[in-house]
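*Asks:* This is what each chain is made of:
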Amino acid sequence: MLLLIPLFPLVGFLVNASFGRRLSKGVSGAIACASIILSFAVSAAAVARLVGMPADEREIAQTAFTWITSGDLSVGLTLRLDPLSSVMILVITGIGSLIHIYSTAYMHEERDSEYARYFSYLNLFASFMLVLVLGSSFLVMFVGWEGVGLCSYLLIGFWYQKKSASDAGKKAFIVNRIGDWGFILGVLLIFTRFGTLDFQDLARAVSQLSPEQTFGTLSFITLFLFIGATGKSAQIPLFVWLPDAMEGPTPVSALIHAATMVTAGVYMIGRNAVLFGHAPLTLNIVAVIGTATALIAGTIGLVQNDIKKVLAYSTVSQLGYMFLAMGVGAYAAGIFHLYTHAFFKALLFLGSGAVIHALAGEQDMRTMGRLKKDLPITYWTFVIGAVAIAGVPPFAGFFSKDEILFKSFSSGHTWLWAVGLLTALLTACYMFRLVFMTFHGPSHHEHREPGERHEPHHHLHDAPLPMAVALVVLAVGSVVAGWVGIGGRFEKFLEPSFGEPVASVTPALEQSGSAETLLMWISVAVAVAGIGLAFYFFLKNRPAADRMAQTFSGPHRVLENKYYLDEIYDAAVVQPLQIVSQDGLWKGVDVGVIDRLVNGVAQFVGGTSEILRLFQTGSVRAYAASVFFGVVLVLGYYLWR
Amino acid sequence: MTFFYLFGAVAVIASLLVIAQRNPIYSVLLLIASFGALSGLYVLLDAPFVAVTQIIVYAGAIMVLFLFVVMLLNAPHEDTEHDERVHPLRRPGPMRFGAALAVALVVELLWALTRAGSAGGAFPEGAVISVRAIGKSLFTDYAFPFEVTSLLILVAMVGAVILAKREARQ
Amino acid sequence: MSPTLNDYLILSAILFAIGTAGVFLRRNLITILLSIEIMLNAVNLSFVAFGRSFGTADGQIIVFFVMTVAAAEAAVGLAIVIGLFRHRESLNPDTFTSLKW
Numbered sequence: 232m233l234l235l236i237p238l239f240p241l242v243g244f245l246v247n248a249s250f251g252r253r254l255s256k257g258v259s260g261a262i263a264c265a266s267i268i269l270s271f272a273v274s275a276a277a278v279a280r281l282v283g284m285p286a287d288e289r290e291i292a293q294t295a296f297t298w299i300t301s302g303d304l305s306v307g308l309t310l311r312l313d314p315l316s317s318v319m320i321l322v323i324t325g326i327g328s329l330i331h332i333y334s335t336a337y338m339h340e341e342r343d344s345e346y347a348r349y350f351s352y353l354n355l356f357a358s359f360m361l362v363l364v365l366g367s368s369f370l371v372m373f374v375g376w377e378g379v380g381l382c383s384y385l386l387i388g389f390w391y392q393k394k395s396a397s398d399a400g401k402k403a404f405i406v407n408r409i410g411d412w413g414f415i416l417g418v419l420l421i422f423t424r425f426g427t428l429d430f431q432d433l434a435r436a437v438s439q440l441s442p443e444q445t446f447g448t449l450s451f452i453t454l455f456l457f458i459g460a461t462g463k464s465a466q467i468p469l470f471v472w473l474p475d476a477m478e479g480p481t482p483v484s485a486l487i488h489a490a491t492m493v494t495a496g497v498y499m500i501g502r503n504a505v506l507f508g509h510a511p512l513t514l515n516i517v518a519v520i521g522t523a524t525a526l527i528a529g530t531i532g533l534v535q536n537d538i539k540k541v542l543a544y545s546t547v548s549q550l551g552y553m554f555l556a557m558g559v560g561a562y563a564a565g566i567f568h569l570y571t572h573a574f575f576k577a578l579l580f581l582g583s584g585a586v587i588h589a590l591a592g593e594q595d596m597r598t599m600g601r602l603k604k605d606l607p608i609t610y611w612t613f614v615i616g617a618v619a620i621a622g623v624p625p626f627a628g629f630f631s632k633d634e635i636l637f638k639s640f641s642s643g644h645t646w647l648w649a650v651g652l653l654t655a656l657l658t659a660c661y662m663f664r665l666v667f668m669t670f671h672g673p674s675h676h677e678h679r680e681p682g683e684r685h686e687p688h689h690h691l692h693d694a695p696l697p698m699a700v701a702l703v704v705l706a707v708g709s710v711v712a713g714w715v716g717i718g719g720r721f722e723k724f725l726e727p728s729f730g731e732p733v734a735s736v737t738p739a740l741e742q743s744g745s746a747e748t749l750l751m752w753i754s755v756a757v758a759v760a761g762i763g764l765a766f767y768f769f770l771k772n773r774p775a776a777d778r779m780a781q782t783f784s785g786p787h788r789v790l791e792n793k794y795y796l797d798e799i800y801d802a803a804v805v806q807p808l809q810i811v812s813q814d815g816l817w818k819g820v821d822v823g824v825i826d827r828l829v830n831g832v833a834q835f836v837g838g839t840s841e842i843l844r845l846f847q848t849g850s851v852r853a854y855a856a857s858v859f860f861g862v863v864l865v866l867g868y869y870l871w872r
Numbered sequence: 009m010t011f012f013y014l015f016g017a018v019a020v021i022a023s024l025l026v027i028a029q030r031n032p033i034y035s036v037l038l039l040i041a042s043f044g045a046l047s048g049l050y051v052l053l054d055a056p057f058v059a060v061t062q063i064i065v066y067a068g069a070i071m072v073l074f075l076f077v078v079m080l081l082n083a084p085h086e087d088t089e090h091d092e093r094v095h096p097l098r099r100p101g102p103m104r105f106g107a108a109l110a111v112a113l114v115v116e117l118l119w120a121l122t123r124a125g126s127a128g129g130a131f132p133e134g135a136v137i138s139v140r141a142i143g144k145s146l147f148t149d150y151a152f153p154f155e156v157t158s159l160l161i162l163v164a165m166v167g168a169v170i171l172a173k174r175e176a177r178q
Numbered sequence: 046m047s048p049t050l051n052d053y054l055i056l057s058a059i060l061f062a063i064g065t066a067g068v069f070l071r072r073n074l075i076t077i078l079l080s081i082e083i084m085l086n087a088v089n090l091s092f093v094a095f096g097r098s099f100g101t102a103d104g105q106i107i108v109f110f111v112m113t114v115a116a117a118e119a120a121v122g123l124a125i126v127i128g129l130f131r132h133r134e135s136l137n138p139d140t141f142t143s144l145k146w
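Top line first, the protein sequences correspond to chains E, R and A. Just so you know, we're using the working numbering here: the first sequence kicks off at 232 and counts up by one. Just so you know, we're using the working numbering here: the second sequence kicks off at 9 and counts up by one. Just so you know, we're using the working numbering here: the third sequence kicks off at 46 and counts up by one.
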């Protein structure tokens, strides 16, 4: 039964890829949506069965076939369902289904063949992602890992005729690849050290060793794995691809770059909690990088003008929160935030997609405004999402974010907690800045020059039915999704997946209710303060915001240019690499050495032939002289002997 | 002994003059003189048959043939000057190299001979080998080469006739 | 004191060298042929000397054959010289250079 879960979308991919050109939009869309909805149904059934089992035996496994047998290594294509992966597959298939439905309307203006291509990629992505989270060993997971990277590239560069889109796709793939280098090294180290790649066997082997024994190796292993996670999940230093990935269609951004693919890194750490538990140094690094990423991305998001870019940096920032959670040992909290974030981030992206769709492709917020009355459904669902992400109770984001902050405070990482709090302020601020600039205030989009490339869209229509349905469902989810975490039920459900927490890593968590309540109120206050700031600067007193931007024009420009990180990478990595390749290896080695060697041999032969040719004089006496010379030599040799 | 030195000197000097002369007729005549000296040496070596054959065949027939050809062709004297456009390996230089090789050969042979020491000793006592003995050996032990040689002469004759024929005029 | 075998061999060697030098130094085809005859005669001398030192008739018989072959060779060689002379009006071997690259 488990195999059906990734199989349905795979079949959808095959059908759409092979016959898509000849199918009408309705049919190809229906096939794609049907396959993922079927997958969701099967997932729900599997999870239901799982829940019905006793708590410490919750596991369903299914092997398709033995993939590799080589020496001591025997790897099967095995899928395993446990609490952790059950959360993941529900998120992937559930939110995936909604996004598929949404896409049928959003992509409607494409040609039939492009429409089918889009859905084939989307299905393929879902299939790979499911393999990733259901894989029982590193190898199977890696198949999914690479596969989603591939699909990400395909989907980001979907409008490949546009150079910026294909460049973004390449950038995503290459940066991912750099992370994958680390990941593969980690996997290889695991195999050499422990001899197995299966998650369960590995966890068992590691938990039998004491932390002191394994510190060195595991620190390296987990560090390498984490590098892979930074690539896939867009953390420092490899997050630069995610904002560029906004070139892809908005539903793609929603699915891949908000809800699912970018969470693969978080899932991976959760899956290997036992390994990471034995490497406290790496966990510290994870937490610090996560927090730093959250803060930096938040600051950049504050000054961006493209609606999707703001959401992209927001995603990076929220992922930072998840890594912060994993880093302080609160694995369940990290996964919880992953789950709630999927709801409201997908909602926010799809909402922005509705706005873009209504404005016929316009993405710059400075040209928007007063869309509230024209796009009511979009507006209200969007606000729900924004409130959720800001962390206001009783919406979903509050529960998960508060849990993370609490866990980081109580595990002694007070500095990280403080920065996390600051980032929460920023989150609320930039999100509502977006809301106010887009939906409130004076309308800018009707006062444009006639020469603009977008025609003023006087008939602003709200989201069509498929899009609206998705938005509403997600909005409901953004409200209620967090409630499963009340009373620690979610955490308890996930516990078997994370193994025993190692005593030295997580200091005694304070169970005192008063500290928890106090911290909770602080979080809420911060969230409300952020909304208030946005309200003041971007609704009531817009000029004040502009004046502030001018006063701090230096920092403002730095933030606007993303800390010049792309430029730094280009100068530090890309250019030297190009110089080495072009001038060094190509001109120097290939042309200079190898070509010269080969040509030199030919020239040498030609040269000696030129010289030897002169001996053919035509003079018989010269020939006789040479013969005689030989005679003298031979005679002399024999006489001498 | 004195005869040996006499004949030997004549042979060497005549040969040297053969290759030094400009006029080919003088060369031919000097060569005849050399052959005569050689014939004397053969007599000293108790080989009268060879000595006589040398005179008859070599000096008498072959050299006369040479003389015929020289006079027939009315060969011009050799020119001594050479122009610079001649191929480098055809200039006198390499030719002198060849001559130097000849000297080297002599040196080698002399050195070999001195090293051999007393291997080349005096001739053993023996009678003059008669013509009868030569003829007997020729027609029994060496009968086959004898016949082949006659064939060779036939071939040479035919070849010479054809090679020297005038081109048929149109 | 009669001459030894070595003496004859030395003489033969000298004559042979003279003949060889003549082949290379002279620029007249006929003189070259003459030099070749000198070489052949030097060899004849060696043969007879060796035959005498072994006391057999073999040396002389070989000389017999050598002379025959020399005669044949001289005949054919001169025929060729005549042919060449008719072609080029020159007896300089350097004018006949068709055998080159």
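Don't read these hints as lab results, they were simulated from the structure. Hints may contain errors.
[Unchecked claim] Which stretches of chain A does chain E cover? Using the computed rule of at least three CB atoms under 8 Å from a CB of chain E, they are:
1. 85-93
2. 108-114
[Said to hold, decoys possible] Heads up, incomplete: computed chain E residues facing chain A, CB under 8 Å, no partners named:
3. Ala856
4. Ser857
5. Gly861
[To be verified] A few chain R residues that face chain A, going by a derived Cβ cut-off under 8 Å, partial list only:
6. Val18
7. Ser35
8. Leu37
9. Ala45
10. Val65
11. Tyr66
12. Phe74
13. Leu81
14. Gly106
15. Ala110
16. Leu118
17. Thr148
18. Pro153
Just so it is clear, CB atoms sit at the ideal spot from N, CA and C, and this is done for glycine as well.
*Asks:* Where does the structure disagree with the numbered hints, that is, which hint numbers, in rising order?
*Replies:* 1, 2, 4, 5, 6, 8, 9, 17
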